[in-house]
Amino acid sequence: MNKSYIWKRLLRSLLSIMIIMLIVFTMIFTLVPRENIFFEDSTYRKLSSKSDDKTEYVYSTWEKLGYLDYVRINDYCQEIYGAGSPEMSTAVEPDSKDSQDFVELYTSKGYTVEKYLGNGRYYAYKDIPVIKRMGSWLAHLIVIDTPMSVKDEANPDLKRGISFGRTPSGGLAVIGSGTTYKYLLYTNSKFPWIHQNFIRMNFGVSYPTYQGLDVMRVLFQSQGDEAKRHVVYETGLEGESGINFGTLKYKPILDRMDTKKFPDHYADYEVYRNQPSMIGTSFRMGIIAMILAYSLGLPFGLLMARRKDKLADKLGMVYIIFIIAVPSLAYIYLFRYFGTMLFNLPSVFTTYGPSDARSWVLPVISLALPSIASLMLWTRRYVVDQMSADYVKFAKAKGLSQGEIFRTHIFKNAIIPIAQGIPASLAGCITGAIITESIYSVGGMGKMLPNAIKQYNNVMIIALAFMFSTVSVLSVLAGDIVLTKVDPRISLSEKAGRS
Amino acid sequence: MSENRNVVLSAKDVEVKFRVRDNYLTAIRGISLDLYEGETFAIVGESGSGKSVFTKTFTGMLESNGMISNGSVMFHGKDLTKLKTDKDWEGIRGAKISTIFQDPMTSLNPIRTIGSQITEVIEKHQGVSKAEAKKQAIEIMERVGIKNAADRFDEFPFQYSGGMRQRIVIAIALSCHPEILICDEPTTALDVTIQAQILQLIRDLQKELGFTTLYITHDLGVVANVADRVGVMYGGQIIEYGNVEEIFFEPCHPYTWALLSSLPQLGVKGQDLYYITGTPPSLYNKIKGDAFAPRNEHALKIDFVQEPPFFKVSDTHYAKTWLLDPRAPKLEKPEVIQNLHEKIKKMTDKGGAFHVE
Amino acid sequence: MDMENTNLFEFAEFDELESEHIAAPRYSYWKSVWRTFFKNKFTVAVAVLLLCIIAFAMIQPMLSGYSPIKTPNINNSHLKFLKPSAEHIFGTDHVGNEVFDAVWAGARNSIIVSFICTAINMLIGIPIGALWGFSKKMDRWMIEVYNVISNVPFLLLAMILSYVLGAGMRSLIITMTCTEWIFVAYFIRTQVMIIRDREYNLASKCLGTSTWTMIVKNILPYLISVIMTYVSREVPSLISYEVFLSYMGLGLGTTNASLGQSIAMYTSYMNGYPHLFWIPVSVLAIISISLYIVGQKLADAADPRTHM
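Chains as they are written, first to last, in the working numbering: chain A, 1 to 499; chain B, 1001 to 1357; chain C, 2001 to 2308.
Any given hint might turn out to be false.
[Unchecked claim] Cut-off 35 Å, straight-line C-alpha distance, at most; resulting in silico cross-link-like pairs (DSBU-like, lysine-lysine):
no.	chain 1	residue 1	chain 2	residue 2
1	A	K454	C	K2080
2	A	K393	B	K1134
3	B	K1017	C	K2041
4	B	K1207	A	K393
5	C	K2070	A	K393
6	C	K2041	A	K393
7	A	K314	C	K2039
8	A	K310	B	K1124
9	B	K1333	A	K485
10	A	K393	B	K1087
11	B	K1082	A	K310
12	B	K1084	A	K314
13	A	K314	B	K1082
14	A	K310	C	K2080
15	B	K1087	A	K314
16	A	K97	A	K115
17	B	K1087	B	K1130
18	B	K1286	B	K1330
19	C	K2083	A	K447
20	B	K1147	A	K3
21	C	K2070	A	K447
22	A	K393	C	K2083
23	A	K308	C	K2217
24	B	K1343	B	K1286
25	B	K1286	A	K485
26	C	K2031	B	K1286
If you are wondering where the hints come from, they were derived from the structure by calculation, not from laboratory data.
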């Protein structure tokens, strides 16, 4: 396998991802009217229209979300005179000299200058070009935690450095001081057993739904009620909590409880909850469905090919046609109806929750149904194509039985294109299934993108678009690598024609 | 040739039909043939004469729309035409009767190692362990002329050249020491120098292992090179058979004359090459009389009316033509193939291999 | 015996032309296609059923004049949610309209939209895909274009388009074609690549045939069967897409009837009045299944290897 080829592909993949993100950015910030983001915002609705508070809210939100740069006369004057100084009150009035300077300055910079409707004071704003917006998103995308990360003016003597030790739950850890997170590297009993905090992805803060929460947290944080257990804090205090010690984060202002529990400023934390995260749920469901699909789809497809035009083949085709022709909405409802009638299984995921196996049965099978049909169809087609190959004729002349020929020759050849698709199937597990999850009320990834779009949660849309397209583009590359492993004839670096 | 050799396979009045688009095509119209132990028999004929189809009846490899409608093929007391399932053929196909095909490129599975494709045959037919099978496989790879066989055992077909692939195919076919080896145009897809090597290889192995070889070919050069006996096929029947010298130097059937006359090497500079006019007959319809009659300049009226029987020319030489009937006018074979002996002698090299000018 | 036989042993006249006579049965490609297709009674029955349904779907709404925004019975509570009966063949829905009318009006729009979209996708996708598969230079950059386009979140695109263009048939058609064509092109590209390097194409190239002629005369006929298979799945799949978009609130909009709209609308009444959901679903299923079967059988018939 040619190393330089893989690097070139990775680079090209990265470029493709960037182009996709650019398109997504453009679509969101240029094509979607920006007033729409407030449709779901309750704060906005509470503010009476045409009030200065509303204008302030609207523009500062837009600034927070990166649409524009927003400057108030107050900010301008504050720079000159300092906060709280006596000259401020006159300077900010629209008729003052400072205001005139403000207008001149910002108009010359290309800003639009306007007056608040209520008090008549000035403010200015300017759209940020899409490229610049995307650039700053990229710049903040990856955050590396160092002992210099924390900048707390109230704590100038903060010790900065790295040491080794253990977490209160007993795992080995690399401990940082002055870093945003206390445990840069730590172990515990939960998958994937080694965790790190020193490189993080920062997608921003969700708005308007899940307001204020970091996007990564929304998607990766476990859901449900806090899973409390008996814990012993570093200070010796004991209690019942779901605290995940590995997530200890720097908190500038400590309250009484914090000082009781923690010896230092690292008092912010996440808790274990009893339900898996959205990504976790969707991924689990997807993987099980995928395994089910491959273990049923491949053998059935093979069977259909071997018994071509006989009963098994015809029955298989009936199933495939049904799944292809009927919208998934319909057959999932139908399947659920029979499942609940015949086997007394719960009709929604939430009846027994994720910890009960019964909740998973119907959704997982529903998810697998279309994949099984697709695998059956394609396996059958590839096997039938192989059946007329010359080497099959020769294998028969060698004296091999039909069964042996199918197992050791045909299947191996037919499986090649199917193997190429496995990484893509895996990738699909992450995106979740919109319809299945909505019918069974599963708290997974499936609804995140549609909801984010409906709620104009730009930050979330961008984060999801990035994650999905990265996974997807990389899975194409992974599929091609799988292809070279399975088919010895294929060498990706020599793409010029066949011999 | 000794007359007391054993008959290893005996085909009698074999008839094969195919169902095509609601019509029936009779590809083989009654062939009887005895194969002797240790000999090399060549079946010669044009494309579409039915050569491959006939030999497929020996291994049960007829296409799904084909059927043996009459006749028997006796092999070790069993009638091969009665065998239907894979299980019936176990121990015969690939083990006692092996086939090698024309195109070595596609005969091998491209994604499996060469070695595994040899050992699977050995393991299947001899029931030995993997290690033992590998040993035998490497042995036979060396036998057929693959250097560094042990290293090349795990390579893939695309890493071998065409000639080497055909050697592997031969190795596979011979790995279980069959009694009959059917070679269906084994050298047509190879270039001339490799052709000679492959033919030599098969000849050497035959001497060593003692199997019977059945060649199917349209190339008279190959026939002259390897065959002991020859059968000429036309329109689904063998119309003349005999020792190779008898066929080349004393042919009796007008079709054999025409085939020999068509050898481009016999062409004289400045004159047109000889060719047989017309096309082979359609086998959808029942053929009345001699199948070759419409294309035969020497046809008798009876050739269009009644099928000729086999006439004996010698103990080993028979031909199915009315010209051998005592009532028929005497006819000399065409000028161009007289003194074929001389002409061929001039064209073979010192090694006795017949080569293209 | 002697007169006859002596005559028979004379030389016959040699007619060169007689020997050239080819007696194999005649073969006409398209005739064989139709023969193979019509041989199967089941397929013919399904095809007839399909034609009837399509005809009915086109005509009935013109007679009933149904529109989802026309709700004359909205205040007659006794006319709402009626079960299917002799008077109301498919029952009535939540605004008192005949489900029968709603379903056929919806079927009409769904069929029209999916046929048009399939046609557009094919008209754009096939030539581009054929050229793409043929030209190695084009393949290099087209693959990246494919990567980009296929990864833009479809839902996002659909929402944007519904803003920019408003809801309605035109915007739905644009939504379902603007990215779908590249999947068609990719599929065609793969098929073309498989046969591009076959000998008969190399021979054509040697003889100086232009790229375009080679694509049209050498490659496309081979693809007929493959294209028909694709179409037979594309049409039902587009109808499914439309259902999905309507479920997401992005389909034809509430002013137009469509099966997707009906299904999405009636999903909420599943528990109380299941007939509202299952009837449009069944009609949709019958249409899709028939389309698929007919298309698939046509594709099989178009493959010369089945003309045995």
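Violating hint indices (sorted, rising): 5, 9, 14, 22, 24 and 25
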